[in-house]
Amino acid sequence: MIDLGQALIFGVLIGGVYALMATGLSLTFGVMKIVNMAQGAFLITSTYLCFALWQHFGLDPVLAAFLVMLPMAALGLVVYKLVVERLERIDPGLTIVATFALALVAEAFLALIWGPDQRETNPVYSNQAIHLGPLVIPLAQFYAWLLAIVITVALQVAIKRTWLGHAITAASENPEGARLVGVEPARVGAWIFAIATASTAFGGAALSFLYQFTPDTQDFWLGLTLSVVIVGGLGSVPGAFAAGVMLGVTESLTTTYLSVRWATAVPTLLVLVVLTVRPQGLFTRMTRQDVGS
Amino acid sequence: MSAHRCAATTPRLTTLPGEGRCAGRNSPGRTGRRGLLRAVAVIAAMATALVGCAAAGASSGSSSGPLTIGMSLPLTGPAADVAKSGYQGYQLWAAQVNANGGLLGRKVALNVLDDGFDPNQTGTDYTRLISQEKVDLLLGTFSSLLNAPASAIAARQRMLYVEPSGGTASLFTRGFTNLFFAQPGTTETLPNLFIQWFSSLPSDQRPKTAAYLTQDDPSASPAVEIFKSRLQALGVTKVYDQSYDPSTSNFDSIAASVVRSQPQMIIQGAVGNDGAAFVRSLEKLDFSPKIFFQTNSPADDTYPDTVGMRNTEGVFSSEAWSPTASYGGNADFVSTYTQMFGSPPTEDAANSYTAGQVLAAAVRAVGRVDQNALADWLHANTVNTIVGPLKWGSTGVPVGDGLLAQWQNGTLQVIAPKSTATSDTVVYPKPGWSN
Chain E
409 MIDLGQALIF GVLIGGVYAL MATGLSLTFG VMKIVNMAQG AFLITSTYLC
459 FALWQHFGLD PVLAAFLVML PMAALGLVVY KLVVERLERI DPGLTIVATF
509 ALALVAEAFL ALIWGPDQRE TNPVYSNQAI HLGPLVIPLA QFYAWLLAIV
559 ITVALQVAIK RTWLGHAITA ASENPEGARL VGVEPARVGA WIFAIATAST
609 AFGGAALSFL YQFTPDTQDF WLGLTLSVVI VGGLGSVPGA FAAGVMLGVT
659 ESLTTTYLSV RWATAVPTLL VLVVLTVRPQ GLFTRMTRQD VGS
Chain D
45 MSAHRCAATT PRLTTLPGEG RCAGRNSPGR TGRRGLLRAV AVIAAMATAL
95 VGCAAAGASS GSSSGPLTIG MSLPLTGPAA DVAKSGYQGY QLWAAQVNAN
145 GGLLGRKVAL NVLDDGFDPN QTGTDYTRLI SQEKVDLLLG TFSSLLNAPA
195 SAIAARQRML YVEPSGGTAS LFTRGFTNLF FAQPGTTETL PNLFIQWFSS
245 LPSDQRPKTA AYLTQDDPSA SPAVEIFKSR LQALGVTKVY DQSYDPSTSN
295 FDSIAASVVR SQPQMIIQGA VGNDGAAFVR SLEKLDFSPK IFFQTNSPAD
345 DTYPDTVGMR NTEGVFSSEA WSPTASYGGN ADFVSTYTQM FGSPPTEDAA
395 NSYTAGQVLA AAVRAVGRVD QNALADWLHA NTVNTIVGPL KWGSTGVPVG
445 DGLLAQWQNG TLQVIAPKST ATSDTVVYPK PGWSN
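Chains E and D are the protein sequences, given in the same order.
The first sequence begins at 409 in the numbering used here and counts up by one.
The second sequence begins at 45 in the numbering used here and counts up by one.
Incomplete in silico selection of chain E near chain D, CB under 10 angstroms:
hint: 1; residue: A415
hint: 2; residue: G419
hint: 3; residue: V425
hint: 4; residue: Q526
hint: 5; residue: N530
hint: 6; residue: I545
hint: 7; residue: Q549
hint: 8; residue: L661
Where chain E lies over chain D, by a calculated footprint (3+ residues, C-beta under 8 angstroms):
hint: 9; stretch: 283 to 290
hint: 10; stretch: 299 to 313
Because the hints were derived from the structure by calculation, they are not lab data.
Here the structure is a predicted model, which is why all the values come from computation and not from measurement.
All C-beta atoms, glycine included, are put in the ideal place defined by N, C-alpha and C.
The task is simple: from the sequences and hints, build the whole structure.
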């Protein structure tokens, strides 16, 4: 029973981390239907910026994230205006190619600035844990998990309770209808992209103290976060959180009770199952796809 | 594919691979976009070529121009971070050779291609180096993964192949007579010195249980298998035994499973940052075994920072080289390298430098570039290097063992063999973690 409890704790915590990493992708992919292949690169860029603030100024990565989100939002805005918006008008499929190219460029820049060496931040809590009897709660994962909760709730409130949130929902579900009521989808798109890119600051901060990273670390996280978004369902930030936790728990239980080797295959298997059984994702409803077009 | 040929008088900092410690890296997502970093390396290589190659002059293959030495290295890709120093070791070797008049009266020029840690590309590169670039000599690359195809092509083309890493046993069972491993021991012999030390403990002081954990990598898992069989023969009971994928990033659940089995000793085949990641997970769980052996990771330069310097205390590892060993040229290698590149050499740098020493010794002794004669000479002679005297069996396996090392007071000390030991004490049992 203790084993199960410990596995669930690890799973829920690491799942929260996965969800945190997937937040931005959930917005761009889920709400805007844009497959942003640069999202992993944005995440790692945030990670390096948090690392730089920690290394040069001793700033805790979590605090650094609040500073990093500003330039990241600006970066997202620029990328949207210069690349995504233009290509969306020509052929939405081109954004996949363009953002993939952006990811390559970003990776090269990171490699030129920081080199290929492994990096990490080591705040004091990075290797500490709370011991509750026989159960252990790693502090770093716990903080990242709390961060995931805060970001998920904040985004959900913003989408459900603010004018911008309503505009985002309207523009994503029915662009023409939104335009008729004065909501310009392109402008809303810029906001979403900026928010999605800014949100990588928090995922990047968590990544910096949970794992070592290099410029090409983005590949792994892009794949994993895509899995989270697909399992959770497009456009659902809470769905992404639930999917992240589901992936984390499954991974942890697999490691504990089945085999360590199978643990890394879990996300892929889950995506396959979900796409087969419930292609719209586990936490969203199937909607008509012809309304907005 | 980038090629840069230079006289190697101008050292260059680029990303390169190294093994002894490299093969699979476990940081999340190290499997991907090699093309991009390769492109960066192409630019860097071209820039370097403009600077460093101006003096090279004549083309390869010319008897009056530089003696060209071809190699394909993972300048980019998942092993690039640990490989940088390996390449620098080659650069230093070439620069020193040139400063001393070169080989056979000719300057040495390195012709380096980048394979992005792709074994298929490694094969293509060595074929190109031999058939198109017509290099005079070859030097090996990093990791068993890459040296396997490279050495096969060298054998097919009857070229001498001295490799700085790639010590897995399967490389030496293919009947190649031109393959030479430039380290004092292989993966097969890696456990020897540890087992000797373990056997020397009074039986009532030996750990009775062990957990075995290894990355699925040719430079780690065979060694852990040997540890397992030899320790079981000494009465140590196996309580945990798992291998993990190189892409594994989260070790908390794995560590929890290990802790549940309550091993008195942990043996981990760790080749990259998986070693440090596992230690961090053990630290969180506040579980420290009496003996903790990790194959490669503890020698990584980022290891102490990642796990915390105080937490390195008592961790065992294996090494091919020690910066403090008294072998001829070693002190000069350490000081010159440090002066040249601004940081002390790593084991990867020493291994590639050693491979260069082996090649140079053979060329000087034979007096001409005759691939078969060079191989014959190496089979028959001992070469003094910075890792000690090297002598090879018929398959290219070195005769001897590596070094047994242990972190003590913030330094990775050599504790065996006695002739090379830098510390005459062994920390046992390992102290607990200090968070």
